[in-house]
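A.B. asks: Generate the whole structure from the sequences, applying the supplied hints.
2 protein chains.
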Amino acid sequence: MRAEIIAVGSELLTPLRMDTNSLAITDKLDAIGVEVCIKAVVGDNRADLARMFHHAVNDSDLVILTGGLGPTADDVTREVVAESLGMRLVEDPAILERVRERFTRRGWTMPEINRRQAQVPEGAVALTNRNGTAPGLWIDRPDVMVLLLPGPPRELMPMLEEAIERWLRPRSDAVRLYRRVLKITGRAESHVEEQTQPIYARWAEENPPIVTTILAALGQIELHLNLRSADEARATRRLHDALTSLVEVLGDHVYSTDGRKLEEVVGSLLRERGLRLATAESCTGGLLASRLTDIPGSSDYVDRGVIVYSNQAKVDLLGVPAALIAERGAVSEPVAQAMASGVRERANVEIGVGITGIAGPGGGSDAKPVGTVAIAAAYGERVEVRTFHFMGGREQVKFQATQAALDMVRRLLV
Amino acid sequence: MRAEIIAVGSELLTPLRMDTNSLAITDKLDAIGVEVCIKAVVGDNRADLARMFHHAVNDSDLVILTGGLGPTADDVTREVVAESLGMRLVEDPAILERVRERFTRRGWTMPEINRRQAQVPEGAVALTNRNGTAPGLWIDRPDVMVLLLPGPPRELMPMLEEAIERWLRPRSDAVRLYRRVLKITGRAESHVEEQTQPIYARWAEENPPIVTTILAALGQIELHLNLRSADEARATRRLHDALTSLVEVLGDHVYSTDGRKLEEVVGSLLRERGLRLATAESCTGGLLASRLTDIPGSSDYVDRGVIVYSNQAKVDLLGVPAALIAERGAVSEPVAQAMASGVRERANVEIGVGITGIAGPGGGSDAKPVGTVAIAAAYGERVEVRTFHFMGGREQVKFQATQAALDMVRRLLV
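Chains A and B, in that order, are what the protein sequence lines are.
Residue numbers 209 to 622, in the numbering used here, belong to the letters of the first sequence in order.
Residue numbers 209 to 622, in the numbering used here, belong to the letters of the second sequence in order.
FYI, nobody ran anything at the bench for these hints, they're computed from the structure.
Given the structure is predicted, the values throughout are model-derived calculations rather than measurements.
The C-beta atom is built at its ideal place from N, Cα and C for all residues, glycine as well.
Take the hints with a grain of salt, since some may be wrong.
Claimed, not checked - If you want a taste of the chain A side facing chain B, the calculated C-beta under 8 Å gives, among others: (1) S218; (2) I246; (3) T280; (4) R512; (5) G570.
Stated by the list, open to error - Residues from chain A that face chain B, not an exhaustive set, calculated with beta carbons under 10 Å: (6) D227; (7) V249; (8) N253; (9) R313; (10) Q403; (11) T404; (12) L483; (13) R484; (14) G493; (15) L500; (16) P504; (17) R554.
C.D. replies: Structure (structure tokens):
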């Protein structure tokens, strides 16, 4: 099945924005064996959209449009699609009611222009938008299927999944794309490549091949294994064996083989062991606690955190001796240790984490350049401490420091 | 001048890669007033590329293709373009010599397949590639200009700049794109539209028009004003007047007209007034402090923060009375107020912020559903408090709550 994705929105034609929705859509379509052949971005312009849509409909089995379903005059997707397919737009009272209700719930009156979002090409099926006002629209024709989705990812994804389950999976071919992702932290890309390339090179020669890609992101490396196959049982077995042999050489640098993020893995370990954790952050400014508490249910194992930007706060909130800060500097292993132990004891929990460093761009010195971060993890009386030297700007240093801290906690627990 | 960009390469149709070249190209074209109307990504597939190229040539003044100029069989851009324009491919001895020489310099023999890179549509001008083997190609026809560039950014950019200086800038009409961005929080997209549309609609009729786009993101609305003009002084003045009249109707809902983020605006206000701030977060788990400390130099005004996930932590670290929590619930305005005042007094700073809410997915009730967040901001003895009802998942609720909290602080300061 051939698919084409058209993203609508003039902002996506500026140097400031990208169409990232198509990546998530492609991922979902890959999984049911639907091949994305063309992607396009069109501005909020009727003529351009009409031209792209017309050719897409003639050439593909499935056309997915994202964006341009808002209530305003420059939201043209609904009209252009209806006109191009010769369908009349009619107001759907159920949708209108739902849109109105979203406003009412917030104590607002629905502006008249939002009526436009209840317009549906006659014969299209509306998909309920649980996270916004614009419904998705599904048009099923003998020659082509068309799916209209709003631009915001959290509105789009649930409706895409619904459309896949209701209409696309039942019609898709037997050949599917199977993918496994292995996540690693604390290693350089070239080291991972050196260790794993001799192993995965062999799989590329097999039939069907397992295609392996190494992706380096901030603070982590991912190995993606892709296999197109009509035989699910065999594909699953081959990918399982492949993952196993990679984990064998990479050891405990691998933190996830099931897609989970590092903060999820750490959260599961804490929950399983019935442990609670408290954080003491300086340069990361709360990012570690924020990442940990992004995970639903984290209140079960995150007790509290303190952000101690000033030295006085380190003394007041953690009992770090002022003399120690004066003698060794706020960014030092003894201070990180005192922070981790201090927060652990005061919160009366099992695990404490302390992070102190120089996120930059200012504040660096020859002895302690920007990117220097001391991290300590305390588990009962045991305290691990390490000094890292991260590259990149302020936000990059912050993120890498939280990644290293999470990994130190993970290693304490496994 | 209308332009279209086509990126060629099957890897750009996977969930793992994006066509980022088009952003840099758009930026360069914007600067000489050439408007990018459509962007497309096509795999290494002759039929798909031929179709996209054919329509692009018919519709645009300039078509830029990137990628697919390598030596292998799946590099099809040269052939498809030549065939589509009815041009014969001929071998250019000068290019062949240069490609051969690149190999010789490294002590290698040129593989026979690299001969393909010396093929040029008859009449095209070759652009020397200083950083790779594939030359760029410039085709100048009465009705359309076509530029072929290799995919790697460091090969592409110098040749793009050469083409701009040699052929495009002289023909561009001195018209440039000028852009202003106005950022708003605390209002719905449709309300902003209702208030501003009558104003900006007039500008769209003027010559040249100011084109206004409303972009809704999580917790904020952006108004983008774009003006293509040959007269820089006049364009700057018109955009300044336009911004001013939008700010007049939107009032203090506008937090930025110079591209700054909300946390930057709040940071500047604190710095200007010589004030220091401390945060007390429950459901946002440190995200507020993390956003504030993303800004370089924030240690000048962020003193400390506490993340009080457990009730005990609220009592220990902030002195929130346990009886108040028992009586009114942890998520309540009095508790938010006690958190804001508590952290302000204990940190001995001017401003305190308290956030307590239900980020979900669990923990909601009929009286306090998921998304209910009480936020207080204390400035000296004055304490503002509000209860919000945010939509969306856990991370969306967290972000919106920090956005609302930052905005409350901003309003206390202006």
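A.B. asks: Would you check whether G570 of chain A satisfies its interface hint, that is, whether its CB is within less than 8 Å of any CB in chain B?
C.D. replies: holds, 7 Å
A.B. asks: Can you verify the interface hint for P504 of chain A: is its Cβ closer than 10 Å to any Cβ in chain B?
C.D. replies: Holds: closest Cβ of chain B sits about 5 Å from P504 of chain A, inside 10 Å.
A.B. asks: Please verify that hint: R484 of chain A, Cβ, nearest Cβ of chain B, below 10 Å or not.
C.D. replies: holds, 9 Å
A.B. asks: Have a go at the Q403 of chain A hint: is there a Cβ in chain B nearer than 10 Å to its own Cβ?
C.D. replies: violated, 21 Å
A.B. asks: How about R313 of chain A: closest beta carbon in chain B under 10 Å, or not?
C.D. replies: Given a least distance of 7 Å, the restraint on R313 of chain A holds.
A.B. asks: Using the nearest Cβ pair, does R512 of chain A come within less than 8 Å of chain B?
C.D. replies: holds, 4 Å
A.B. asks: Under 8 Å, Cβ to Cβ, is where S218 of chain A needs to be relative to chain B, so tell me if that hint holds or is violated.
C.D. replies: holds, 6 Å
A.B. asks: Going by Cβ atoms only, is G493 of chain A closer than 10 Å to chain B?
C.D. replies: holds, 3 Å
A.B. asks: Using the nearest Cβ pair, does L483 of chain A come within less than 10 Å of chain B?
C.D. replies: Nearest chain B Cβ about 14 Å off; hint violated.
A.B. asks: Using the nearest Cβ pair, does T280 of chain A come within less than 8 Å of chain B?
C.D. replies: holds, 5 Å
A.B. asks: Would the hint on T404 of chain A be counted as holding, given a Cβ-Cβ threshold of 10 Å to chain B?
C.D. replies: Since the shortest Cβ distance to chain B is 17 Å, the answer is violated.
A.B. asks: A closest beta-carbon separation below 10 Å is what the hint needs, so does L500 of chain A meet it against chain B?
C.D. replies: Given a least distance of 7 Å, the restraint on L500 of chain A holds.
Consistency with the previously given hints fails for numbers 10, 11 and 12, ordered from lowest to highest.
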